[in-house]
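Single-letter residue listing:
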Amino acid sequence: MNFWRVLWSMVGKDLRIEWRTKQLFISSLSFALLLVFLMGLVLYGSGNMTRFADAGLLWLLIMMAGLFSLNRQDDKERWDGAIYAATLVPTDRSVLFYARVISHLLFVAVMEIVLVPLYSVVLGTSIQVAWGPIILVLLMGTIGFVAVGAMLTSLALTSSLREILVPLMIFPLSVPLLLGAVEVTSSILQGNWGKGVWWAVIGAYDVLFLGLPGLLYDFIAEV
Amino acid sequence: MKKWQWTLISLLGIGMIVSQYLDFIASPPEAQMGNVVRILYFHVASAIVAFTAFGITALLGLVFLVRKQWIWDQMARVSAEIGMVYTTFVLISGSIWGDAVWNTWWTWDPTLTTTLILWFLYLAYILLRASITDRERAAKVASVYGFIAAIDIPVIHQSVTWWRGIHPNVITMQGFNMPPMMVYTLMFSFVVFLGLYAVILWISTMMAKDRDDLNDLRELARNALAKYDERVGS
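Here the protein sequences come in this chain order: A and B. Here the numbering used here is used: position 156 in the first sequence is 614, and no number is missing along the way. Here the numbering used here is used: position 92 in the second sequence is 94, and no number is missing along the way.
Derived by calculation from the structure, the hints in this document are not laboratory data. Incorrect hints may appear among the rest.
[Said to hold, decoys possible] Label-pair ranges, simulated between beta-carbon atoms: (1) A:Leu-673 to B:Pro-181: 31 to 41 Å; (2) A:Ala-511 to B:Leu-219: 54 to 64 Å; (3) A:Lys-471 to B:Ser-133: 47 to 57 Å; (4) A:Phe-495 to B:Ser-133: 31 to 41 Å; (5) B:Asp-231 to A:Ile-622: 37 to 47 Å; (6) B:Ala-223 to A:Phe-495: 27 to 37 Å; (7) A:Ala-543 to B:Lys-229: 25 to 35 Å; (8) A:Gly-470 to B:Arg-137: 35 to 45 Å; (9) B:Thr-163 to A:Gln-648: 19 to 29 Å.
We put the CB at the ideal spot given by N, CA and C, even for glycine.
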């Protein structure tokens with residue numbers, strides 16, 4: 459079997475499980491909704507917040523929700539040792555990493571479709587300014603976060619401190635991504651595209667963390 | 003320990019005393035900061051040790067992945083722990099200096115931010131190792147993580163630098179922005195600190211090796227005992 463067929467069957471498996479149970483999506487989304495509600499509550503709307511704080515909060519929200527669902531997905535894969543069975547794939551094992559990235563990207567993207575408009579309503583942020591750039595930065599930022607997350611959850615697979623270790627590794631490692639995404643998003647909220655250098659940071663980060671784990675994954679996947 | 007090893011360690015001890023003399027007595031106070039500048043000799047030297055230690059961790063992790071010899075992994079593990087201690091020193095001494103000179107304990111300056119992120123990254127490294135019971139798995143995972151973290155550090159530093167900062171750049175491409183006596187003192191403390199790092203690395207690696215060997219022996223004994231019990235029981 460070639461790489462692409464394996465990849466799509468792995469992604470299809472994740473989507474089918476999710477479609478039948480809806481467990482991951484519902485739990486992560488309710489967690490994210492709760493966060494939005496709490497932010498709105500403690501900040502009393504965002505009338506007194508700067509655009510920068512707006513963008514920063516939005517990205518923290520997305521990353522928290524993404525992290526939550528990463529952990530949940532990871533749990534699902536550990537049931538009955540499914541992750542060990544998956545290492546028998548008849549092709550390069552990096553396929554496991556890319557399948558994980560794609561299916562997780564889909565989950566988080568769907569979550570963002572609900573979350574971002576809701577965030578703008580609850581906190582009174584107007585994001586009707588420019589949908590194109592906002593969607594682009596959300597997509598690029600999410601790809602980077604999901605890639606580094608997929609990598610780190612497989613690293614911490616057998617650790618007994620998994621739940622705390624994954625965030626402890628993800629957030630420091632994704633500082634460039636977070637800074638870039640926040641800078642760009644706050645510029646977009648003010649009506650311009652933002653500095654090219656921050657787009658470059660996000661892009662470089664995406665390339666780095668989509669490429670590097672693919673090369674190193676063989677070492678991690680052998681159990 | 004052998005005689006030449008004792009000699010080297012004694013020399014290092016004398017060097018450290020000389021370094022104290024240079025730091026506190028021989029080197030001049032700075033024009034604006036006065037005596038506060040003396041923190042620099044400790045602070046910068048600690049930073050050099052911390053970066054060296056983390057670099058060595060990343061490098062030896064790769065060597066372990068390729069060669070699969072335990073000694074590289076033991077050394078990488080120990081080096082990360084030493085680096086962690088020195089990063090803590092850097093953060094604390096920097097904070098004290100910052101309070102005296104900048105009038106604030108902490109700012110979101112690029113160098114400070116990167117150092118703090120570094121601290122968190124290697125805290126995760128140490129926890130990751132400690133929380134995986136299978137030794138081979140722990141070694142592999144930690145090597146991969148150490149390598150990724152090391153690659154990410156320049157990216158982190160660059161991205162935080164684009165926020166601009168106030169950290170003084172004492173060492174630039176043009177050389178040192180300091181009077182000669184201060185440069186000598188700083189150089190001397192680099193040498194002494196790196197020497198101390200090498201000694202700690204060496205002793206701790208031996209200890210880590212002994213600990214691992216002891217665990218292996220214990221495992222062997224346990225298996226042998228289990229086999230014996232089985233035979234006697236049947």
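Each hint, compared with the structure:
| no. | hint | result |
| --- | --- | --- |
| 1 | A:Leu-673 to B:Pro-181: 31 to 41 Å | violated, 48 Å |
| 2 | A:Ala-511 to B:Leu-219: 54 to 64 Å | holds, 58 Å |
| 3 | A:Lys-471 to B:Ser-133: 47 to 57 Å | violated, 29 Å |
| 4 | A:Phe-495 to B:Ser-133: 31 to 41 Å | holds, 34 Å |
| 5 | B:Asp-231 to A:Ile-622: 37 to 47 Å | holds, 39 Å |
| 6 | B:Ala-223 to A:Phe-495: 27 to 37 Å | violated, 58 Å |
| 7 | A:Ala-543 to B:Lys-229: 25 to 35 Å | holds, 32 Å |
| 8 | A:Gly-470 to B:Arg-137: 35 to 45 Å | holds, 37 Å |
| 9 | B:Thr-163 to A:Gln-648: 19 to 29 Å | holds, 23 Å |
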